[in-house]
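Undergrad: Residues per chain, in single letters:
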Amino acid sequence: MEEDKEPAERRQGRRSFLQAFAAALGCGGMAIAANAVVREAVAAGSPPPIPNIPGYDWTKHHWAFGVDATKCIGCLRCVEACKAENEVARDAHHFRTWVERYVYLEGEDTPRIDSQADPVNISASGSEGEYRFANRYKDAKVDKAFFVPKLCNQCTHPACVQVCPTGATYKTEDGVVVIDHTYCIGCQYCVQACPYGARFFNAELKVTDKCTWCYHRITKGMLPACVEVCPVGARIFGDRNDMQSPISQFIKNNRVDVLRPETGNAPNVFYVGIDKDVD
Amino acid sequence: MEALFQAAPFTGYVYPNETVFPWGVLIVVYPYITGLVAGAFTVSSLYQVFGIQQVKPVAHFALLVSLCMMLFVPTPLLLHLGHPERAFNAVITPHWSSAMAMFGYFAGFYIILLLLETWFVFRPYIVHQAQQRKGLLAWFYRALSLGSYDLSEKAMRYDRKWIFALAVTGIPAAHGLHGYVGFIFGSLKSREWWSSDLMPAIFLFSAIISGTALLVVLYYVSCKLRKVPVDLDCIKGMAYTLWGFVMFTLLLELVEFGSLVYKGREGIDVIWEFITGPLIVPFFVLQLAIGAVIPIVWLSYMFWRRTTGNALVFGITMSALLVLFEVMMMRFNVVIGGQEIAKTGKGLLTFQWLLFDREGVLGAASVLIAPLVLLLVMVRLFPPWEDPKKALPH
Amino acid sequence: MPKHIVRLVLLILAFGVIGYAARTYFTANSYYEYGYYRGASVAEIALDKPKYQGTAYCQTCHAQQYADWSKGVHNSVVVGKIVKCEVCHGPAGRRDPPPGYINSATGPVHPDNVKLVVPTDTVKLCTQCHEQMPGRPQGQPQIVVATHAGTTQCTTCHNPHSPRIIGAAAAATAPSGDAAVGKAKAEASNCAACHGPAGVSENLPGPSLAGQKAAYLVGAFKAYKTGARGNPVMAGMVGGLSDADIGNLAAFYAGSSCKSTRNGEKKAAAAGQAIVSKCAACHGIAGISAQPAWPNLAGQSVNYLVDALQSYKNGGRKDATMSGITKDLSDADAANLAAYFSNANCK
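Residue numbers (the numbering used here), protein chains in the order written: chain R, 1 to 279; chain Y, 1001 to 1394; chain D, 2001 to 2347.
Hints were generated in silico from the structure; no laboratory data involved.
Check before you lean on any hint, since a few could be wrong.
To be verified - Here are the simulated lysine to any residue pairs, SDA-like style, with alpha carbons at most 25 Å apart:
#1 Y:K1161 with D:L2008
#2 R:K252 with D:V2077
#3 Y:K1154 with R:Q12
#4 Y:K1154 with D:K2003
#5 D:K2259 with D:P2205
#6 Y:K1227 with Y:M1318
What the hints assert, rightly or not - To give a feel for the contact side, a few chain D residues facing chain Y, derived at Cβ under 10 Å:
#7 L2008
#8 R2023
#9 A2028
Think of the CB as a built atom: it goes at the ideal place given N, C-alpha and C, for glycine as much as any other residue.
Isolated chain R, as found in the complex:
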């Protein structure tokens, strides 16, 4: 009968569907269970709770950086040292740290700003690998002038970490934003996101790069290379957990500023002696 065939067919169809669905669920369930078992096993022989850095516990430090722009003489030893220490490309377009010069000429309201990467200064230095400020204003009527060193601010709420699609850049527990060069895919979204221009594309490794406060040095009790070589003490580094550290004293004894506070990134490089036009 026609009426009998329909229900039978429908029943058959439903049965086969249910069988297939059950099979699919079973397979999926087994896969998920296997995955969970593997994760348990991994967790049982689990790695140490802190990174395996000999003699260093990252939970015990809270690094910060200070810049005293009233002392900077624009000698650019810091730029040289950083490039040597961190094997940064020796050209005029990739810098982990740099120095800006602000010059107010008499009768002018806005400062003339240049950095060591400016073509005039590069030609004064002799080559793209040497850095020097050309004495451009020696015959001009200078009202006010000063130098401002800059580097990555290792923000508390870094925009660069927020936008990284793979998690290749991240903030360590002790306050430094670093990049995993074996994981970065080189999309350069973080380069776009940084409001301070601190990040750049490393053309040789084909990943992004930036100042790490010489993480490989500070975890051994040394100072970042730029702080180590600054001859006039314009760069200050230390542990905020230690009230007697240079940076804690620097922050305590001075009215400190940060760059572009309106971004909400909460930078951790504290400036003394910058001006309204510095940002």
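Once you've looked at the hints, dock chains Y and D against the given chain R.
TA: Positioned in the frame of chain R, the structure of chains Y and D alone reads:
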């Protein structure tokens, strides 16, 4: 030896790291292609979801166009990456706060949606071909049919339900897809030119107009190739869609631009210098005047005068070409223009054009042409035209 | 449900399961350990080898330079201006000198089997910090290069490890004396036997003292007394002198009218004039020096001057600046310079 990077000259003060542009023409092409996907899908949905019979002739074709474009969306991204072999890092360990990671999943979901909808729409044809063909292609169709030749009324009912569900899901998915692309730019705090709440909306609506315009042009070309008269109702339907959305897009772009200039935040002097200097031709002349105002005026005139026949078809197709150009200029002015304004707010850079480089114009042009080549293949494999006799001979 | 729908759903589910399994399989082991990143990379980054080593590292092998530096003005701990070794020499054990630097030809070998990197152009290097430039704080010692010493290398006059020229300091403490008492003391001590009456020595064993800078003479007396300058005759002569005596004698000789010896050969003197710029910075172009602590050379006996230069060169007389200048001075040049100064008009 190929230069490792291209350094840009500048005026004023820029951060030392800014002299190398991170994103080039490939990143101009990527939102363009993504936009074409969303736009073409919108036209297809006008029929599938809203039942607008006027655009029925191009509905299936629109789906194919959308699919071809979508398959090539990852291409400019992969070409741009420093390590394309690690591209899946963003998929296996996505950093959810990143718009780019979210976009990866949105795009993945959308590819599957498009594949499914195309499959459902063309299933009758696939089944038919699987049963009748001989040779290698026969195996292709048989695999696609999933071994089921069921074209009964019950099966077709299920198919129609699925198509409808997919099309309905596809609208917010497509809009989310391209809205996300806009969000990638609009959410950044670092560039005044990009940072805007309107950016996702602008990208989305310009995407819709680009897709619609592409469909107009391709429909016209395909009619000519098939030696078939253009369906005036259909092309007029698409033209109305285009006309409405172009006006709204232009409004959004002008509001965003006007807002930026009016607010006059810090750094506005340099932005003003940029607008009244390097940007005059690309933005005011090419993007706005030629790409937006002329099509609006032309279309308005034709609708007002009730133009018909060849003049109408010509006018609509030309307007569509201009709109395609406008959207390309818009992407260019946003991506490249944004990077030409230094983050310092005190300097301007000049983009360096490359030709044969990985980030060069030729590479970008090939990425733009490739989906059209794929489309040529697809329309032979899955003829989208209603009357099989009107399909391309194969 | 139609077959094809069932199969499609199964296909999608299978795809999902495979995708999830692949994601789990390919996720790096240490990912998610501390956050949304590969936990193992923290240690990888931290374990890079530092290149800059700090000053203590250099002390072991470069003890002399370290000693100079630690007492010198480039190590002003109180003021907070410290120019560490690696500031000018680059990181210890550097293998690839950047432009403007070379590996030194002499000296100890570093652990990486290279020698110390030294700058080739000290004018370029030193003026990076010391060129007068708007923007540099006033507390930074700055010079206008063109008027300071032109293109002369900075190390000509300055010891880079202890750059402050000490003479200026000594000048401030030069005591004044009574010339008349000094004259009597000179006669009593028979200084004239070697230095001539009123300090004008022509072919006598000792150099002319007439018209010489008082502060320099005081310094010389003191050096003989302490043995810093080794000369048995002079040691005996000044052994019994008090500070007052020294002051008086210096005043007497400084006030005496001088007479140029002029025993330099004319051709040699002309040759000496051509290369005198390195001496002129301190001793004056005419041999009359600008600072009280730097001796006049004009009109001095050529033999004495040559002797003095040789002494500085071989370490018989010790002075940071002079030893630097005479290090690469050839015998011929020394003779020519001596001739030039000898023939100059004294004051």
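Undergrad: Run every hint past the structure and note whether it holds.
TA: Structure-based check of each hint:
Distance hint between K1161 of chain Y and L2008 of chain D is fulfilled; the C-alpha atoms sit about 14 Å from each other, no more than 25 Å. Taking the CA atoms of K252 of chain R and V2077 of chain D, the gap is about 22 Å. The hint holds against a cut of 25 Å. With a C-alpha separation of about 15 Å, the suggested pairing of K1154 of chain Y with Q12 of chain R holds against the 25 Å cut-off. Using a Cα cut-off of 25 Å, the hinted pair K1154 of chain Y and K2003 of chain D holds, with the two alpha carbons roughly 11 Å apart.
Distance check on the hinted pair: K2259 of chain D and P2205 of chain D sit about 16 Å apart at the alpha-carbon level, within 25 Å; holds. Straight-line distance between C-alpha atoms of K1227 of chain Y and M1318 of chain Y comes to about 19 Å, which keeps the hinted pair within the 25 Å bound. Taking 10 Å as the C-beta contact cut-off toward chain Y, the hint placing L2008 of chain D at the interface holds, the least distance being around 6 Å. Checking R2023 of chain D against chain Y: minimum C-beta separation of about 5 Å stays under 10 Å; hint holds.
Contact between A2028 of chain D and chain Y, as hinted, is supported at the beta carbon level, the nearest pair being about 8 Å apart and thus within 10 Å.
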